[in-house]
Amino acid sequence: MTTHQLQPFYSRLGRFWVGFWQRIPFGFREFLGNPVAWLLLLLLFGMVTRPIFDPDLGWHIRAGMDFWKNHWVAYTDPYSWTMPNWKWVDHEWLTDALLAPWYRLTASIGTSLVYGALVTATFLIATSLRPTRIASKVLSALIAGLAGLVVIGARQQMVTLFGLALLLWIFYRYREGKIRHLWWLPLMFLLWANMHGGFIAGFLALGVIGVVEIIKTWLYHARQLPLARLSEPVMSWGQIRHCVIVVLLCVAATFINPYGFDLYRDIYLTLSDKFVLASILEWQKVTLLSTQGWNFLAYLILLAAVLVLTYRRIEPTRWALMIVFLYLALEHWRHLPFFMLISIGLMAELIDQYAGPLLDYLQRNTLLLVALVGAIVPIMRDRYHDVITRGLDFEGNFIAQGMPIQAIDWLKSHPDQIGKRMYNLYGWGGLIIWQFPEQKVFIDGRMPYWRDSSHWPFYDHQMINMGGSQAPGLLQHYDVDWMLIPADQPLDRTLFSNPDWQAVYNDDIAVIYTRKDVLTVNR
Amino acid sequence: MSPAFTGNNLVDRPLKWGKLIGAVLLFLASGYLVFALVGLYYIQPAMAATNFNPSSETLSGGTLGVSGAVSDLSSNNGAYRKLRGYASAYNAAYYTAASDGNLTLSSTSWVNAVNLNFTAPATASNFFILASGEYADTSATASRAAGVGLSINGGTSRVTEAYDSVTTVTCATSWVSTTIPYLKPTSASASETYRLMARLTSTTSTSGFIRNSRITAWDVGADAQSATPANSTTTSASYTNIASMTFTPDVTQDWLLFAHADMRGSTASSLNMWVNLRSDGTQQAEAIERSQSTSANVGEVPVFLMDKVSLSGGSSHTIDIQMKISSGTLTYTYVRLYAIPASKFGEVQYAENDTRQNMNGTGRINALNLNWTPNTQTDYMLLASGGEYVSAATTNSVLAFFVNGSTDMGASNFAAVAVDTTNIAPCPSWSVSKILNLAVSAQSLHIQFNGTVAATLVSITYPKIMAIKMSPAGQYTASAIYSGTSTATTLKSLNWQIDSSWSIPSVSVTLKLYNSNSSSWPSSGDGYQSYTSSSTANTDELKNQNITTNPTYYKNTAASGNWQVNVTGVVNSSSWLTWNGDWISFDETYFYTPNLAHWRWYDAEQTADPANTNGTDISVGDALEGEDTTPTSTRIVYNGNKVKLRVGINETAGTAGVDVRFRLQFSDDAGFVNVANVAEIGNVAVRWRYADGVDTDDTTIANRRISGTTASGTHNESGTTASTFDPAASTDTEFEFTIQDNIAAVNTTYYFRLYYTENSGGSGTPNGIVTNPAAAISLKTAAVYDLELSTAPTDVSLGDSNGNNDVSYDFTASEKIGFWDKRGTGVAYSVTTSILILKNGGNTIPSTDITWTSTVADPPDETKMLKGAFASDRTGTTTISPYTMAIPHNAYSAGSSTDQKRQGGFFFQPNITVTNLIGKATGNYVSTPALTLTAV
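Taken in order, these protein sequences are the chains called F and V.
The first sequence lines up with residues 1 to 523 when you count with my numbering.
The second sequence lines up with residues 524 to 1459 when you count with my numbering.
No lab work stands behind these hints, which were simulated from the structure alone.
Every residue, glycine too, gets a C-beta built ideally from N, C-alpha and C.
It is possible that some hints are incorrect.
Unchecked claim - Some chain F residues judged to face chain V by a derived CB distance under 10 angstroms, without partners named: (1) Leu139; (2) Leu271; (3) Phe275; (4) Ala305; (5) Val306; (6) Gln353; (7) Glu438; (8) Thr494.
Unchecked claim - Which stretches of chain F does chain V cover? Using the computed rule of at least three CB atoms under 8 angstroms from a CB of chain V, they are: (9) 143–149; (10) 295–301.
To be verified - What follows is a list of derived Cβ distance ranges for each label pair: (11) F:Ile376 - V:Gly1194: 28 to 34 angstroms; (12) V:Thr805 - F:Pro258: 57 to 63 angstroms; (13) V:Asn1061 - F:Arg173: 55 to 61 angstroms; (14) F:Ile179 - V:Ser1230: 32 to 38 angstroms; (15) V:Ser1230 - F:Arg12: 27 to 33 angstroms; (16) F:Ile323 - V:Ser1230: 39 to 45 angstroms; (17) V:Asn1137 - F:Ala503: 50 to 56 angstroms; (18) V:Asn600 - F:Ile323: 56 to 62 angstroms; (19) V:Ser1041 - F:Lys87: 50 to 56 angstroms; (20) F:Ala503 - V:Ser1041: 33 to 39 angstroms; (21) V:Thr1071 - F:Ser454: 54 to 60 angstroms; (22) F:Asp393 - V:Asn1270: 45 to 51 angstroms; (23) F:Asp393 - V:Gly1205: 41 to 47 angstroms.
Please put together the full structure from these sequences, using the hints given.
Here it is as structure tokens:
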């Protein structure tokens, strides 16, 4: 075959390729053709994909397994012996039900990857409120992801981050007339309410948006105020009416869950207990006592610098959202990523507007591309190595986190060495529920605010854990007959010399004590 | 769906210098990314803050929160968390005097009914006085009345006085009862005399009596509220404010209200006068009096009202007295209104019924009951009050106060009188008081009433009973436990400090820090501070204690470093105690905490500061590989060879080190199961030992090479000698180690780690293995320790003679010939070449026409003669017969040395000169000489 004869084939191939390329949506096509965006996206995904570290994930997986076993949720607490009659509301029952088979299929690595993908998608959506270059989006998403990393991981609240980002994206598009109606929003809230209790944040955002939008529309219609300087659309009364109806339907949809109104009651209890909020690190105020606090401060400085340099718009709705969610972020570590989601869209727009041409130039610069690869590859190597090695080494991962996985292994083979009513560290409860379902726990991450007239396990746990004279009385109050507690800590030292207790196991992380009268019976 | 309205500024106007701003934005964004990535993942963060503040509070005893929040304790800024103390002890003593028997009055001069004399305590006090009595006169004339007066340290001068004539125009037919409250500020140790006096306003056909005369005084401290308006008049027919006090209690608690007033109307016998006691606008008690004489100091009718109300803390409350008169003018005198915190007394029992109760008949019925059991047997002040009402002038009503059904505390009979059509038979207030010692058994107090004529309506209004334990608060305590979190890190020292003030001078304060190790609150020594607060109230005082002995015991390292502080203040006082907490701080200092950040190997034992580039096997003074990476070439890692290790050590605890010595340890497994110290110079038994570089141990390195380092540490050629170097806090410092492969095994990867000691390893000083969050330091030895011809050109063209007789050619750098001695034996070796005869088919150029010459001068050019890490000095290089290289660099042999320094490799770049070419056949002359290394 001669070169001349090949020409029609190449011509057809070329036409096919051009046609195929043009069928790809523009945004994705832009992304595919942009190696800088690829690299940054890879880095973002690598940074937000983290090894399993949340002990609460343990009880989530166990709850998911039990869902498939019982084909429905439990209405009273199946995992603790201290509060067996508590009306347990598993805010994340649906997420748990999805997570359990996924974990069984893909283990730790797959779990890390799916949450990493979810967070990556979340931040990309958050930077896409208005049209920008793909490089600007990914760069901003990476900044936001790093700033919020303290809370990000293989955790159920990532569902709420995703929901909030999606909600904002939908609202912006609706306000600009790119979406004609919101009738399917109630369906989203139906899912959200069954997947994570943080859907309340969605209503908070809608509330802030609603108030400001109504004022804007009223000012426009009733006061005839000019909109010459306003930098965001004003909704029509028709849109407002539609939104109100949809929001009401959304609220109604959230009641379609296995627990009905109790879902709200439980969320209120969670958020209103001052002792709990003060005692759990994630609910405490953001401080500069850690690197993550400084990281957040650096993000705020960056955002402030960008605003001072470039921001000349009047966007009341955006302002209100940023103020409310900044307050929430400063109040609780847990809410830190909310502010990233709210603010990063604006940063993406400003970076795109002013630095976009420069990004266009840089992404064509081979030298820069090589330098970028050189900088990112070692980081990515470390990150993925971390996820993979710790994902493969199940025990090693938990040992590295100071979790009593070896002690749990021992328990499984020595049931005659322990009693029936365990005392355990709060932070270990989730892992024990997951890995040692043979017995129920004293406390775990679901229970800080659970209490009745004579028991408040979390408060009592805090008191017991401090050691001291109050500990024996509290243990007696609960009739605890064995304990899985951290080694070489005050409680350990107290029990070591207590004639009523016998240490039956210890390693570098944990020690197991059993009451001697129980040991006598077992033998 | 109607479309949205859009503003016309949705697209920003371009800014001036837009491109520059864009570049700045990108720079800032990149800067943040670098900060976040490097800061979070590649540098161990320095301990940025070591001061922790409480996050939760547990109030002890009856301590109450007043204002502020726990967060106010986070900075020493005058924003307070205020706590209200509770009465923790009560005074057994009180001051009282009583004369229950009848005293006949026969004069218009004041006579003492009862005297109370005592000496006030050594501290200034505020005495709340209750004086009560029942009095009567025998005249039906209004102006001929009996009266009482209360004298406070003033002879016959009265602070209040009241009259009531027992006439048919008033309700009272026999005994008039009244109770007079009074608040008396008293100096320390003052001598006090209080007297209840009585007299007649006229002795004309009149005599009088007084009985159940009682005076009691308590010290209630500085916290009572009062309103005492001047005597005046009102003509208002609707309620008008006469006395009012508005205040904001700190905490929610019960208050006892006591009101007293004397009134007279402008017309005798025909006017009704009302008194109303209110709390925040709500009526609490009311009395209606009938006017008697219009004369001053004759016609004043007494009213006593009391109540107990709960007032919320933090909000304003108003207590007031209102009055009105049916017509004419109401003259009021000695109006007293007091609010006393119920907590001032050991116990207050109270009952009331604010609805009017009616009955017809003469049999007594209970109007109000108060039942309780005292905790201890002690004295109680029993108070009863109420208003009386009869519906017909022909009947009387009887009020009586009973204790446990038998003890008649006093009774007054009142005659009825029809006064007007709208307010039928209003009757005056009635009150009685008595101190009784009550046992620890069920107590039952009753107010009973009845009429004296069958089938005639009598009523009682606002009956109230109050039982006050006669033990005023004498000691107040405020106590709370504050909890916070910190770190799990082992502490070098701990400074805990509290800045606060107290509302009362000279409070005995104890501050305790919970010892988690012993599970106890210290009672002395570390974790315990006690002091007497300032003699000036509300003076901030900062108290701190620095703990250096086992400071880590004072937190729970298993629970977020939880710590607890107990603040307790106790003072003997009758006034409330308030603690104003400004700041609680738990300040940790840590031991010097080194963390290995980066490391790199260098071939530079004869260079003080190695170059920061990767070299080759035969280059010197440069790096073997990049940072944190095991060198891939192992040729130079052989017995006797020296290498340098540079490390960046980051101090992460914010604490400087003192005389820090680092010691290298090595192992042939990454887990350091079998680990040994790198041996000292001269050791022959350990695989790795320190070596002498060109520098001196414990002197500072001149130039840093490791990324991220900001301070220069020392050269280290020993693991045991004393160090004088003090690495700075929170600083990434670079150190250098020169070590030597002593007898390390071949083809083996060795792992190294650092062990540090402070104070040069003195007894009890901090020490430990340096944390290494990055890859372990590692170095692989050569595959075999042998003699090796390492580098030789495969093809060298000597050039074209161009018709000349001679050709001379200098080997280029790429054609150099290198040798390695990795044996570590110290034994010399020779290098020889075979006889070089160039051939062109049958034509030859004999070796006698070929001369090898070194290209380097003597002494040799060190850029071409190897030295340093993998070469040796040139001493001992000799000519090896019979041929071929010019001296002195055509061979190498090593002399004996314990330092084994003559090992390694070297290279040469010879010159080959070929002569006698004229006459030779034209063509390419080629030969392959053999190089031979021979141990000598």
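Range hint compliance [Cβ, Thr805 (chain V) to Pro258 (chain F), 57 to 63 angstroms]: Cβ of Thr805 (chain V) to Cβ of Pro258 (chain F): about 48 angstroms, so the range 57 to 63 angstroms is violated.
Interface hint compliance - Ala305 (chain F) to chain V, C-beta minimum distance less than 10 angstroms: holds (5 angstroms)
C-beta pair Ile179 (chain F), Ser1230 (chain V): status relative to the range 32 to 38 angstroms that was hinted: violated (50 angstroms)
Within 8 angstroms of chain V (C-beta), three or more residues of the segment 295–301 of chain F: holds (count 3)
Consistency of beta-carbon spacing, Ser1230 (chain V) to Ile323 (chain F), with hint 39 to 45 angstroms: With a Cβ separation near 41 angstroms, Ile323 (chain F) and Ser1230 (chain V) satisfy 39 to 45 angstroms, so the hint holds.
Satisfaction of the Phe275 (chain F) interface hint, Cβ to chain V closer than 10 angstroms: Holds, about 6 angstroms.
Restraint check, 10 angstroms cut-off on beta carbons, for Leu139 (chain F) near chain V: Since chain V brings a Cβ to about 6 angstroms from Leu139 (chain F), closer than 10 angstroms, the hint holds.
Ala503 (chain F) paired with Ser1041 (chain V), Cβ distance criterion 33 to 39 angstroms: violated (19 angstroms)
Asp393 (chain F) versus Gly1205 (chain V) beta-carbon gap, inside 41 to 47 angstroms or not: Cβ of Asp393 (chain F) to Cβ of Gly1205 (chain V): about 43 angstroms, so the range 41 to 47 angstroms holds.
Cβ separation of Ile376 (chain F) and Gly1194 (chain V), checked against the hinted range 28 to 34 angstroms: The hint (28 to 34 angstroms, Cβ to Cβ) holds, given that Ile376 (chain F) and Gly1194 (chain V) are roughly 31 angstroms apart.
Per-residue hint verdict: Thr494 (chain F), partner chain V, C-beta under 10 angstroms: With a minimum Cβ separation of about 5 angstroms from chain V (threshold 10 angstroms), the hint on Thr494 (chain F) holds.
Beta-carbon spacing of Ser1041 (chain V) to Lys87 (chain F) - inside the hinted bounds 50 to 56 angstroms or not: violated (41 angstroms)
Consistency note: the structure conflicts with the earlier hints numbered 2, 7, 12, 14, 15, 18, 19, 20, 21 and 22.
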